[in-house]
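Heads up: the protein sequence lines correspond to chains A and B, in order.
Residue 1 in the working numbering sits at position 1 of the first sequence; the count goes up by one each step and never skips.
Residue 48 in the working numbering sits at position 48 of the second sequence; the count goes up by one each step and never skips.
Check before you lean on any hint, since a few could be wrong.
[Unchecked claim] Which bits of chain A does chain B cover? Going by a derived footprint, with three or more residues having C-beta under 8 Å, they are: (1) 1 to 10; (2) 13 to 21; (3) 37 to 46.
[Stated by the list, open to error] Pulled a few chain B residues facing chain A out of the computed Cβ check, cut under 7 Å: (4) Thr25; (5) Pro43; (6) Pro46; (7) Ala75; (8) Lys108.
[Stated by the list, open to error] Far from chain B, some chain A residues (derived; all Cβ distances over 10 Å): (9) Arg24; (10) Val25; (11) Ile26; (12) Ile27; (13) Gln29.
To be clear, the hints were calculated from the coordinates, so they are not data collected in a lab.
Ideal placement from N, C-alpha and C gives every residue a C-beta, glycine not left out.
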Amino acid sequence: MEPRRFSRALHKIKAVSDLSGADRVIIYQDGSVTDEQGEPLGNLHDED
Amino acid sequence: MSRASRLATFTTKTDVQTGRKAFVTLRFAGHELDPQDISAILPVEPTRAHRKGEAFFAGEHAGNLRGRTGMWFLATDTLVDSDGLADHLRFLQELLYPEPNDKSRVEKLRDVLERAHSRAHITCFWRGDPGETAPQFPAQFKSAIAPLAANIETDFGTANP
Numbered sequence: 001m002e003p004r005r006f007s008r009a010l011h012k013i014k015a016v017s018d019l020s021g022a023d024r025v026i027i028y029q030d031g032s033v034t035d036e037q038g039e040p041l042g043n044l045h046d047e048d
Numbered sequence: 001m002s003r004a005s006r007l008a009t010f011t012t013k014t015d016v017q018t019g020r021k022a023f024v025t026l027r028f029a030g031h032e033l034d035p036q037d038i039s040a041i042l043p044v045e046p047t048r049a050h051r052k053g054e055a056f057f058a059g060e061h062a063g064n065l066r067g068r069t070g071m072w073f074l075a076t077d078t079l080v081d082s083d084g085l086a087d088h089l090r091f092l093q094e095l096l097y098p099e100p101n102d103k104s105r106v107e108k109l110r111d112v113l114e115r116a117h118s119r120a121h122i123t124c125f126w127r128g129d130p131g132e133t134a135p136q137f138p139a140q141f142k143s144a145i146a147p148l149a150a151n152i153e154t155d156f157g158t159a160n161p
């Protein structure tokens with residue numbers, strides 16, 4: 001994924017999950033994003 | 001003419017491969033928040049809205065998820081046809097203040113937030129091209145949203161050459 005697109009998608013997923021930029025998340029190869037406890041937050045491929 | 005269409009006066013070219021360089025998000029969040037209370041005040045379709053524990057569709061890849069908290073969320077990237085952060089902030093300001101001295105929406109929002117023990121948050125995203133200078137955050141916007149006690153977060157950077 002192109003870097004700007006990646007940053008934009010991650011920014012949106014964190015914001016809509018009520019997380020700040022400093023909050024750590026886990027990003028998987030398929031684009032899934034979870035919080036540190038493994039709770040699903042979204043998918044990078046859905047955000048563009 | 002819609003507000004978004006009027007703001008299209010400020011368009012700059014967006015690379016279709018990399019998409020929008022700037023946008024802003026506005027969210028109201030809290031465990032007791034009913035997003036319908038926010039929608040009753042702001043005349044715009046939220047990007048996402050759900051109550052705490054409510055199932056929502058997060059996209060084709062993510063599928064259905066459950067709300068971690070009550071949420072009313074708006075991202076301006078699909079509403080404002082511009083790569084200028086100032087245009088996205090202006091959109092938000094006009095949403096909150098339909099007329100310069102009309103504080104009614106902000107006062108109603110403040111009441112809802114207080115009742116629901118919830119908070120307002122604004123995030124600003126900007127990714128410039130190599131060597132491009134990051135935009136300034138307008139002090140005038142900061143003072144306009146002060147009554148909401150919104151937390152403001154900036155995510156500014158430039159692409160690697």
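Going through the earlier hints one by one, which of them does the structure break, listed in rising order?
5, 6, 8
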